[in-house]
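Build out the structure end to end from the sequences listed, making use of the hints.
There are 2 protein chains.
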Amino acid sequence: MSDNELLKNSAPLPSVRRLPLYLTVLEEFEREGKEWISTTDFSEVLFLKPIQVRKDLAHTGIIGKPKKGFKVTELISTIYNFLGWNNLTEAFLVGAGALGSALLGYSGFQRHGLNIVAAFDVSVNVIGKSIHGKEILSIEKLPDLARRMHVRLGIITVPAARAQEAADCLVSAGISGIWNFSPSKLHVPPNVVVQREDLSSGLAVLSVKLGRFD
Amino acid sequence: MSDNELLKNSAPLPSVRRLPLYLTVLEEFEREGKEWISTTDFSEVLFLKPIQVRKDLAHTGIIGKPKKGFKVTELISTIYNFLGWNNLTEAFLVGAGALGSALLGYSGFQRHGLNIVAAFDVSVNVIGKSIHGKEILSIEKLPDLARRMHVRLGIITVPAARAQEAADCLVSAGISGIWNFSPSKLHVPPNVVVQREDLSSGLAVLSVKLGRFD
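Protein chains in written order, with my numbering: chain A, 11 to 224; chain B, 11 to 224.
Computed cross-link-like contacts, SDA-like style, restricted to lysine to any residue with a CA-CA straight-line distance of at most 25 Å:
(1) B/Lys59 - A/Glu207
(2) B/Lys219 - A/Leu23
(3) A/Lys151 - A/Gly107
(4) B/Lys59 - A/Gln174
Quick partial rundown of chain B residues pointing at chain A, CB under 8 Å, derived from the structure:
(5) Ala21
(6) Leu31
(7) Phe57
(8) His122
(9) Leu124
(10) Ala170
(11) Gln205
(12) Gly212
Keep in mind the hints are simulated off the structure, nothing from the lab. Keep in mind that this is a model prediction, so the values were computed, not measured. Quick reminder that beta carbons are idealized off the backbone N, C-alpha and C, glycines included.
Structure (C-alpha cells):
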C-alpha cells in the first residue's frame, strides 16, 4: 500500500468533509495572488480551531513551514490529489427530472473532478431531449455504455420508488460508487460505495429552527 | 407556548433531518392509494429501526393506532404542519451563478414550502436576465424589496469571499433565516438562524471512499 493510500484509509470522514472548504479558501488566496496561507488564515475564515485545521490538513500528508504556513499552490494540489479530484471521474446521472436537470447545469462539479458524461431516464417525454447541452438517453442504453466508457460513478436523482431499480441497473453495469440524491436507502453489494445526499433535510432543520424564533 | 411550539422546541435535529424522508415515503403511499402506513413499512424502506421510526414520528405529536399504524393523509399533514411547510415561505436568492441557477430551476423546493420569489446578483452580466423564468435583480434592490414583501428567508449562493457581504445585506433587510450554500461561516446576530449546506463535502467523502476500494 502506498503512503497516499494509507493516508486515505486513516483520514476521519468529518475531516474529509471539510477539505472542500479549505479548497475554496485556497482558491480565493490563489486568485488574490497570495503565495502563503497560515493555519490562522483558515481558522479565521472557517471558524475552526487552529488545532482542528492542523489535524485536518495533516491527514493529506502535507507538512507546513513554521511561521509561514503552507504554500498555496502546493496545498491545493495536495488536497486535489488526496481527494482524487485531479483526475476527472466520469459519472452517469440517472433521472432527468427537476433535481437531475439542476445537477446537469451545475458547473461546480467539474472543478471537483466530476464530469457527468451522460444522463438517463425512463420517460419518453424526456428521452432524446437536451438538458444543459446533454442529451437524455434511454436507461436501456446504460449498461452497455457504462462498460464501453468504463464509467465508475452513478448519480441517482429518480423518485424514491425507482431508486433501487436505478441502483440495480448501475451495479449490474459495473459501477463502483453511487451518489444517491433520492431518499431511499439502497441495497448494494459490499464492494459498491453509496453516499446519500438530501437537500430537503437541511431545509427541514432550517424551517424548524426558524419556527423556534416565531 | 402552544403544544406545537413545545414539540418544535424539543425535537432533536437528527429526527428533524429525517422527516423529509418520511414525507417522501408517505407521498408514494398516497399516490398508490394506500390508506394506512405502519412503523414496519417505514423501517423497511428507510433502513431505520422501528424504535427510531416511532421516536421520530412521536416528535410531531401524532399518535398511531395499534395494529394499523398511521393514516397516510393525516401523517402527511402533521409533518407538513410541524415543519411549517403547509405555508409557503418566500425566499430571496443571492448569487445567480451556476449553483444559484440550479436552485432556481429545482421545482422540489416549492413542494417543501419554499418559494424563491426573487434572485439577486452584483454582476451586470446577469442583472436583467431571466433564469428559469425569474428575472435577476440588482442586489441594491434587495433591502427595499425584502421589507415590502416581508421576506424572511435568504439563500446565499455567492462565492465564499462575497458571502459575508451578502449575509450583511440580508440581515440589514430584516431577514431572519439564511440557507448558506457558500463555504464561509457567517457572522450574524443571535436572532438570525443560519443553516450551511455543502454539496461538495458529500462528493469529497464519496471520492475518498471510492479511493479506499482502488
